[in-house]
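**Student:** Sequence:
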Amino acid sequence: MLRIDKLFVKNVNNLKEIEINFNEHFNIICGQNGTGKTTLLNCLLGSFKKKKLGSLNVNAMDYHGFWEIKFYNNNEPHYRVHYIDTDVNIKDNLNIKGDKLISTNYII
27 MLRIDKLFVK NVNNLKEIEI NFNEHFNIIC GQNGTGKTTL LNCLLGSFKK KKLGSLNVNA
87 MDYHGFWEIK FYNNNEPHYR VHYIDTDVNI KDNLNIKGDK LISTNYII
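My numbering numbers the first residue of the sequence shown as 27 and each following residue consecutively.
None of these hints come from the bench; they were simulated from the model.
Pairs of lysine to aspartate or glutamate residues, derived as EDC-like cross-links and limited to a Cα-Cα distance of at most 16 Å, are as follows:
{"id": "1", "residue 1": "Lys32", "residue 2": "Glu43"}
{"id": "2", "residue 1": "Lys32", "residue 2": "Glu45"}
{"id": "3", "residue 1": "Lys63", "residue 2": "Glu45"}
{"id": "4", "residue 1": "Lys63", "residue 2": "Glu43"}
{"id": "5", "residue 1": "Lys32", "residue 2": "Glu50"}
Start from the sequences and build out the full structure, keeping to the hints where you can.
**Tutor:** Structure, rendered in structure tokens:
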């Protein structure tokens, strides 16, 4: 069985910086209007379409929105999904091809 264990979101719509550790069995997402429930679900689904997502600065690189999901299979780390909006301002030691980060000297 594949499950989502953790979600990290930074500067995506109303979610400025949030890390969620999901329960293994059942999770409820609730909150007032405008607090980021739909944004959170969009991060989980990876369905950003072409929205402006805010911005993030890591070392010498500027990003517009970032999220990471960690997947586990039978309690073993399986893989991670990262999203960085494709509007990247290249400053230093960064190699991008299309919308994919090929290599960098920085840890993202």
